[in-house]
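Given next are the chains, with one letter for each unit.
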Amino acid sequence: GQQLNQSPQSMFIQEGEDVSMNCTSSSIFNTWLWYKQDPGEGPVLLIALYKAGELTSNGRLTAQFGITRKDSFLNISASIPSDVGIYFCAGLQTGANNLFFGTGTRLTVIP
Amino acid sequence: ETGVTQTPRHLVMGMTNKKSLKCEQHLGHNAMYWYKQSAKKPLELMFVYSLEERVENNSVPSRFSPECPNSSHLFLHLHTLQPEDSALYLCASSQLLGDTQYFGPGTRLTVL
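Chains R and Z are the protein sequences, given in the same order. Just so we're aligned: the first sequence equals residues 1 to 111 in this note's numbering. Just so we're aligned: the second sequence equals residues 112 to 223 in this note's numbering.
Careful, some of the hints might be misleading.
As the list claims (entries may be wrong) - Each pair of labels, with its calculated beta carbon distance range:
no., chain 1, residue 1, chain 2, residue 2, range
1, Z, N168, R, G40, 25 to 33 Å
2, Z, L162, R, V84, 32 to 40 Å
3, Z, T116, R, Q14, 31 to 39 Å
4, Z, N128, R, T68, 45 to 53 Å
5, Z, M126, R, I86, 26 to 34 Å
6, R, V44, Z, L162, 22 to 30 Å
These aren't lab readings, by the way, just hints derived from the structure by calculation. Idealized CB from N, CA, C, for every residue including glycine.
Given only the sequences and the hints, what does the whole structure look like? Please build it.
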């Protein structure tokens with residue numbers, strides 16, 4: 001299946017710092033999604049992007065749909081301990097039945 | 112109750128047991144999905160249903176048998192599993208096939 005390259009694989013940051021992670025693909029996607037997964041729980045949708053160039057915020061989170069439609073990034077500002085978890089990007093293509101997922105970015109916030 | 116629910120949340124079973132995982136969505140969606148998530152591996156899509164009809168089966172062993180009796184419920188019947196089948200099994204739903212998916216909390220399965 002399609003592979004989404006997500007980076008970095010893991011991050012260790014101090015509380016209060018900003019975080020940036022991204023997702024790239026060799027294929028075009030029509031929708032980009034960002035999920036967060038806590039240990040032992042299912043992924044929770046954070047932000048959905050439906051249009052190339054779109055910049056969307058959800059509280060301290062901001063995500064952008066790349067203009068080429070082959071990438072997306074997620075920024076978290078002023079990180080707090082509860083931001084800890086694994087962040088996944090996912091993409092949807094026209095005519096596809098399912099999401100294609102990135103490999104995840106594991107975020108650790110040091111108080 | 113809203114969202115996607117899954118039961119049980121945890122399940123331990125022997126290789127000769129038969130058990131079922133249940134998923135229920137309260138979002139009025141028409142498509143439902145089963146995923147397997149193993150440690151340090153990407154999410155693996157197992158089955159896709161749209162309007163109670165299976166539309167995708169990603170080379171999943173026959174010891175996993177899905178059932179979708181209506182658009183709100185999805186089951187995964189398990190029999191003669193192997194220890195390597197131990198994983199977090201996630202259910203998701205979307206308004207239509209190919210739309211944004213919303214996940215349940217998962218069932219943590221351990222096969223002894």
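Against the structure, the hints:
no., hint, in the structure
1, N168(Z) / G40(R): 25 to 33 Å, "27 Å, holds"
2, L162(Z) / V84(R): 32 to 40 Å, "38 Å, holds"
3, T116(Z) / Q14(R): 31 to 39 Å, "37 Å, holds"
4, N128(Z) / T68(R): 45 to 53 Å, "49 Å, holds"
5, M126(Z) / I86(R): 26 to 34 Å, "30 Å, holds"
6, V44(R) / L162(Z): 22 to 30 Å, "26 Å, holds"
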